[in-house]
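Chemist: Chain residues, written in single-letter form:
Protein chains: 2
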Amino acid sequence: MSAQGLELFADLYEFRMAHAYRALGMEEEAVFSLFVRRLPPQRNFLLACGAEDLVDTLEKLRFGPESLACLRDLGEFPEDFLAWLARFRFSGAVHAIPEGTPVFANEPLIEVVAPIAEAQLLETLAMNMVGTQTLLASKAARVVAAAAGRPVVDFGSRRAQGIDAALAGARAFHVAGVASTSNVLAGARHGIPVAGTMAHSFVQAFEREADAFRAFARQYPDTILLVDTYDTMAGVHRVVALAREMGEGFRVRGIRLDSGDLAALAGQARGILDAAGLQHLQIFASGGLDEWRIAALLAAGAPIDAFGVGTDMSVSADLPALDIAYKLTAYAGVGRMKLSEGKRTLPGRKQVFRTAEGDTVALAAERLPGEALLRPVMAGGHRLAPRQPLAAARQAAATRIAALPAALRALAPAGVPYPVAVSPALAAEDGQVRARIAAANAGTA
Amino acid sequence: MSAQGLELFADLYEFRMAHAYRALGMEEEAVFSLFVRRLPPQRNFLLACGAEDLVDTLEKLRFGPESLACLRDLGEFPEDFLAWLARFRFSGAVHAIPEGTPVFANEPLIEVVAPIAEAQLLETLAMNMVGTQTLLASKAARVVAAAAGRPVVDFGSRRAQGIDAALAGARAFHVAGVASTSNVLAGARHGIPVAGTMAHSFVQAFEREADAFRAFARQYPDTILLVDTYDTMAGVHRVVALAREMGEGFRVRGIRLDSGDLAALAGQARGILDAAGLQHLQIFASGGLDEWRIAALLAAGAPIDAFGVGTDMSVSADLPALDIAYKLTAYAGVGRMKLSEGKRTLPGRKQVFRTAEGDTVALAAERLPGEALLRPVMAGGHRLAPRQPLAAARQAAATRIAALPAALRALAPAGVPYPVAVSPALAAEDGQVRARIAAANAGTA
Numbered sequence: 078m079s080a081q082g083l084e085l086f087a088d089l090y091e092f093r094m095a096h097a098y099r100a101l102g103m104e105e106e107a108v109f110s111l112f113v114r115r116l117p118p119q120r121n122f123l124l125a126c127g128a129e130d131l132v133d134t135l136e137k138l139r140f141g142p143e144s145l146a147c148l149r150d151l152g153e154f155p156e157d158f159l160a161w162l163a164r165f166r167f168s169g170a171v172h173a174i175p176e177g178t179p180v181f182a183n184e185p186l187i188e189v190v191a192p193i194a195e196a197q198l199l200e201t202l203a204m205n206m207v208g209t210q211t212l213l214a215s216k217a218a219r220v221v222a223a224a225a226g227r228p229v230v231d232f233g234s235r236r237a238q239g240i241d242a243a244l245a246g247a248r249a250f251h252v253a254g255v256a257s258t259s260n261v262l263a264g265a266r267h268g269i270p271v272a273g274t275m276a277h278s279f280v281q282a283f284e285r286e287a288d289a290f291r292a293f294a295r296q297y298p299d300t301i302l303l304v305d306t307y308d309t310m311a312g313v314h315r316v317v318a319l320a321r322e323m324g325e326g327f328r329v330r331g332i333r334l335d336s337g338d339l340a341a342l343a344g345q346a347r348g349i350l351d352a353a354g355l356q357h358l359q360i361f362a363s364g365g366l367d368e369w370r371i372a373a374l375l376a377a378g379a380p381i382d383a384f385g386v387g388t389d390m391s392v393s394a395d396l397p398a399l400d401i402a403y404k405l406t407a408y409a410g411v412g413r414m415k416l417s418e419g420k421r422t423l424p425g426r427k428q429v430f431r432t433a434e435g436d437t438v439a440l441a442a443e444r445l446p447g448e449a450l451l452r453p454v455m456a457g458g459h460r461l462a463p464r465q466p467l468a469a470a471r472q473a474a475a476t477r478i479a480a481l482p483a484a485l486r487a488l489a490p491a492g493v494p495y496p497v498a499v500s501p502a503l504a505a506e507d508g509q510v511r512a513r514i515a516a517a518n519a520g521t522a
Numbered sequence: 078m079s080a081q082g083l084e085l086f087a088d089l090y091e092f093r094m095a096h097a098y099r100a101l102g103m104e105e106e107a108v109f110s111l112f113v114r115r116l117p118p119q120r121n122f123l124l125a126c127g128a129e130d131l132v133d134t135l136e137k138l139r140f141g142p143e144s145l146a147c148l149r150d151l152g153e154f155p156e157d158f159l160a161w162l163a164r165f166r167f168s169g170a171v172h173a174i175p176e177g178t179p180v181f182a183n184e185p186l187i188e189v190v191a192p193i194a195e196a197q198l199l200e201t202l203a204m205n206m207v208g209t210q211t212l213l214a215s216k217a218a219r220v221v222a223a224a225a226g227r228p229v230v231d232f233g234s235r236r237a238q239g240i241d242a243a244l245a246g247a248r249a250f251h252v253a254g255v256a257s258t259s260n261v262l263a264g265a266r267h268g269i270p271v272a273g274t275m276a277h278s279f280v281q282a283f284e285r286e287a288d289a290f291r292a293f294a295r296q297y298p299d300t301i302l303l304v305d306t307y308d309t310m311a312g313v314h315r316v317v318a319l320a321r322e323m324g325e326g327f328r329v330r331g332i333r334l335d336s337g338d339l340a341a342l343a344g345q346a347r348g349i350l351d352a353a354g355l356q357h358l359q360i361f362a363s364g365g366l367d368e369w370r371i372a373a374l375l376a377a378g379a380p381i382d383a384f385g386v387g388t389d390m391s392v393s394a395d396l397p398a399l400d401i402a403y404k405l406t407a408y409a410g411v412g413r414m415k416l417s418e419g420k421r422t423l424p425g426r427k428q429v430f431r432t433a434e435g436d437t438v439a440l441a442a443e444r445l446p447g448e449a450l451l452r453p454v455m456a457g458g459h460r461l462a463p464r465q466p467l468a469a470a471r472q473a474a475a476t477r478i479a480a481l482p483a484a485l486r487a488l489a490p491a492g493v494p495y496p497v498a499v500s501p502a503l504a505a506e507d508g509q510v511r512a513r514i515a516a517a518n519a520g521t522a
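Which chain is which? The protein sequence lines are A and B, in order.
Letter 82 of the first sequence, counting from 1, is numbered 159 in the working numbering, and no numbers are missing.
Letter 2 of the second sequence, counting from 1, is numbered 79 in the working numbering, and no numbers are missing.
Because the hints were derived from the structure by calculation, they are not lab data.
Possibly wrong hints are sitting among the right ones.
Since the list can't tell identical chains apart, any single copy or any two copies may satisfy a pair.
[Stated by the list, open to error] Here are the simulated lysine to any residue pairs, SDA-like style, with alpha carbons at most 20 Å apart:
no.: 1; residue 1: Lys420; residue 2: Asp338
no.: 2; residue 1: Lys137; residue 2: Glu448
no.: 3; residue 1: Lys420; residue 2: Ala182
no.: 4; residue 1: Lys137; residue 2: Ala442
no.: 5; residue 1: Lys420; residue 2: Gly337
no.: 6; residue 1: Lys137; residue 2: Leu445
no.: 7; residue 1: Lys420; residue 2: Ala489
no.: 8; residue 1: Lys420; residue 2: Met310
no.: 9; residue 1: Lys137; residue 2: Gln465
no.: 10; residue 1: Lys420; residue 2: Ser336
no.: 11; residue 1: Lys420; residue 2: Asp507
no.: 12; residue 1: Lys420; residue 2: Glu448
no.: 13; residue 1: Lys420; residue 2: Ala340
no.: 14; residue 1: Lys137; residue 2: Arg421
no.: 15; residue 1: Lys420; residue 2: Phe154
no.: 16; residue 1: Lys420; residue 2: Arg511
no.: 17; residue 1: Lys420; residue 2: Glu143
no.: 18; residue 1: Lys137; residue 2: Ala163
no.: 19; residue 1: Lys420; residue 2: Leu151
no.: 20; residue 1: Lys137; residue 2: His459
no.: 21; residue 1: Lys137; residue 2: Pro463
no.: 22; residue 1: Lys420; residue 2: Val493
no.: 23; residue 1: Lys420; residue 2: Asp308
no.: 24; residue 1: Lys420; residue 2: Val510
no.: 25; residue 1: Lys420; residue 2: Arg285
This structure is a prediction, so every number in the text was calculated from the model and none was measured.
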C-alpha cells in the first residue's frame, strides 16, 4: 500500500489528543516505546520486521487537501490545528531493532522520540505496520525451521487477512527464510522470487487429466504437475506415462500433492517415480500445512522435497495477534508509565544489550556489554541510512536465529524462557518514576 | 486500497494457466464458484461481505505499462500474451449473494462466468477480498449479538493484520452491526461514524491525572474519560471531583475502563458515580474483549453501556481464516469437479433458494420455492446496479440475522446445523459429472 492516505490511518483519539496538546501548548519531546508485552507459549521468540516500511511511511507522511477536508468534516477540529497538520512533517527520531533480529517480550522494537503531538499521531500506524510484519515473520520462522532446509513457498495470499497482509506478509516471510512467494505483486514490489505450479482448475478444464498434463508440460516444460485432482496415484502414473511419451523432451521437475495423507501419498508416489527411473522428480507438498504438520511429515520420513504453505502461515493461525503496545515512556525529559494491572511499561528511552547469556533492557544512556540492538534509523524526520535490502534482513535473520539456544529454535515451548533482565539503573529509574507518580496521584483529588 | 496494482495481486500459476489457455485456444466460458467448504463449531453462520468491493475492482482492473513490465521481467510470458493483458477488460458476469446475508457451508457466495483465462486470473483477488470481509463480518456479528443492543465500537485497527484488513474490517464490522470505528481513514472511506476517547498517554503526559482530566474535558466537554491509568477507583473519584469543580460546565459523557476485572470495576464505578448524582455518566469498557467476555460481563450484571472491541474481533481470533475456495465448476458448458478427498465441489452454475425451513443449493436454471439468494451483479464486465450503500447492507444484515433460528444466533454451537440441501436436479447432475469424469479418467493412461 502506498503511503498516500496513511496519514489518516489513525484512531480519532490520536487527533483529539494531538489537538489538545497543541491547544495546551504541550510541545515537549515525548518518547513512545513499541513492544510486545507477553510471549505466549506458541512462540519462543519473535522476529522483528516492518521497521523499514514504517520509516519510509513516516518520511512521506503529509496531510493533503483531501485528508484535511476529511478531518474538517468531523466538525471538531479548528482551522489552526488543520493548518498545523497541513504543515506536518514528521520531525522526530526513530530507534529500531533491525529487521530479522529475534526479540522478546518487553524489549522495545521501536522507540519514537518527537514532539508529543507528532509521536501520538503515529500510534495506530506504527503498531499495525510493525506488528503485522513481526507477527507474520515470527510464524514463518517456525515453518522454515520445521522444513529443515527444504524450500518453503508462500501460498498464503488468498487466505491472508486482506491485500496488505498478503503483500507485507510475503515480505516478512522472505525475511524469515521462506524461499519464494506465489504472489506476483509481492514479488515485483519486494524483489522476492515468484513461484507457481498449476491449479486443479487446469486439470478439470480438460476431459482427461493426461491431456491436461501433456498440454501444461508442453507450455511449461520444467513445471510441477499437480496430481491429486481425481485420484492421486493414478495422477502419478500419468506423469510416468507422460515421461515415456515425451522421452527426451520430458523436463517436468516434479509433482505436487495437495490433499489426503501426504506422508503415505508421498511415499507411494516416490516409489512409483523411482521405479520408473524418475528419481530426479521432486515431490512438492501443500494443503493445510503448518510447522507442526511439516515436522510430523518429516519425522515420519515422508520423501517431500519442498512445501507450499498457505493459510496457517498467512494468518499466523495459532497466534493471530501480538500483545503489542505503543506507550508513552517519557515526556519533557521525565519518565512516565501506566500502573494499570498487568500493563506496566518501563520508563524513559531504552536500549537492549544482547550477549551470549541473554538480553538486558537498560536506559539508553547506559553502556553495557554486548550488542546494542536498538539503532538510530531516523533523525530530524529523515532516514539515517538507505533502505536495507531485503536480502540483508533475510541473511541477518538466518544468522541470528541460528545463534539462538536450541530450545528456543524448537517448535515446542522452551522450558526456560530466554533471559531478559532489566538493568539496575533502569530498575532504579522505574522505582523512582513509580514512586513519583504514586505520590503525585495519591488520594483522589 | 485502490484498485491500482491489484491486477498483479494474483498467484503466478494463474498467469501461467491463463497463458496456457490462450496458447491452446481454450477460450470457452468457465464458471468458478467461491464458497466456504466447512463451518467450524465456532460459527453457526457466516455473514456475506466484500462483493461490492470486488465488483468495483473487477470493473477497473487494467494492466498498465508498469504491470506489464513486471510480468515481462519474469521472463516466461511471450509478447502476444502481454498484448492480450494490455487489452484486458473483465468481460464476464458475476452473481453474488448480497452483502449482509447469512450464508452457510457449500453455498456459493460468488459465481463468476467468463472466458476461462479471465476467470482464472481473479482467483486470489476474489478469495482474498470476499474472504477477508466475510471472515470479519461473521466474527463481528457474534460480538454485536453478545452486546445485546449496547453499542460496539471497533478499536481494532492497531492489531488488525495490515492496513487493508483494518479498513476493510471496519466496513465489514459496520455491516455486521458495529456502531462506529476509531479509524479516521476507515470512517472517511466508508462513511462509518468515527468515535474515540482518550489514551493513557494523555493522562501520563500530565504529572497528575486530575489535571489531565480537567484539560481534556475543557477541550472536549462531552468526552469519555479513561480512568484506569493508575488506580481505577481513584480515577472515578477524580471524575466526580471534576464534576463538582466544573458544576454546570461539566458535560463529560462517561468513563472508560480498559483493564482489570471489568465486571467488578464497573459495578464499583457505577456505585461511586450514582452516589455522586452522576447517574447519566455512561460506563464504557474495553481491553481484551470478545463475544464470550462481553456475554459473561452482561450475564454477571456488569453495568456497562458500551464496548470497545479490538484485537479478537479485528483478526477473528478464534477463527482467523475461512476454508474458502474458488473452484472451476463448468467449462464449455460441461460440469467440472475435483474428486480429491474432502475437497469436492458441486458442478455447474448454481442458485441458493432460502425458505423458512432452510436452504437448497440448486442448478441455476431451477425455479424452487423461496428467495433466490444469488443475484446478478455484473454482466459483460459492468455493474448492473449502483454500489449499494453500506447502510442498506447493514440493515439487511440486522433483518436477516434476526430471522435466523435462535440457536444459530447464539454464541454456542447450534446443536443442529442449519439445513442446507442439494436439489435433486443438482444431485443428479453431480452424479453424472462424477461418473463422466471417473470414466474419462479410468486407468492411468
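Chemist: None of the hints should be skipped; say for each whether it holds.
Modeler: Hints, verified against the model:
1. Lys420 to Asp338: For Lys420 and Asp338, only the inter-copy Cα distance (13 Å) is at most 20 Å; the intra-copy one is 45 Å.
2. Lys137 to Glu448: Intra 31 Å, inter 51 Å, cutoff 20 Å: neither.
3. Lys420 to Ala182: Answer is within; shortest intra-copy Cα gap is 12 Å, inter-copy 40 Å.
4. Lys137 to Ala442: Cα proximity of Lys137 and Ala442: none, with 30 Å in one copy and 54 Å across.
5. Lys420 to Gly337: between (45 Å within a copy, 10 Å between copies)
6. Lys137 to Leu445: neither (35 Å within a copy, 57 Å between copies)
7. Lys420 to Ala489: neither (27 Å within a copy, 31 Å between copies)
8. Lys420 to Met310: Between copies only: 17 Å across, 55 Å inside.
9. Lys137 to Gln465: within (17 Å within a copy, 34 Å between copies)
10. Lys420 to Ser336: between (44 Å within a copy, 8 Å between copies)
11. Lys420 to Asp507: This pair counts as within: shortest intra-copy Cα distance 14 Å, inter-copy 57 Å.
12. Lys420 to Glu448: neither (28 Å within a copy, 51 Å between copies)
13. Lys420 to Ala340: between (45 Å within a copy, 18 Å between copies)
14. Lys137 to Arg421: neither (32 Å within a copy, 48 Å between copies)
15. Lys420 to Phe154: neither (31 Å within a copy, 54 Å between copies)
16. Lys420 to Arg511: Answer is within; shortest intra-copy Cα gap is 13 Å, inter-copy 58 Å.
17. Lys420 to Glu143: neither (37 Å within a copy, 47 Å between copies)
18. Lys137 to Ala163: This pair counts as within: shortest intra-copy Cα distance 13 Å, inter-copy 31 Å.
19. Lys420 to Leu151: Result: close neither inside a copy nor across copies, 32 Å intra and 49 Å inter.
20. Lys137 to His459: within (10 Å within a copy, 36 Å between copies)
21. Lys137 to Pro463: within (15 Å within a copy, 35 Å between copies)
22. Lys420 to Val493: The answer is neither: 23 Å in one copy and 42 Å across copies each exceed 20 Å.
23. Lys420 to Asp308: between (54 Å within a copy, 12 Å between copies)
24. Lys420 to Val510: Classified as within; 15 Å inside a copy, 59 Å across copies.
25. Lys420 to Arg285: between (61 Å within a copy, 19 Å between copies)
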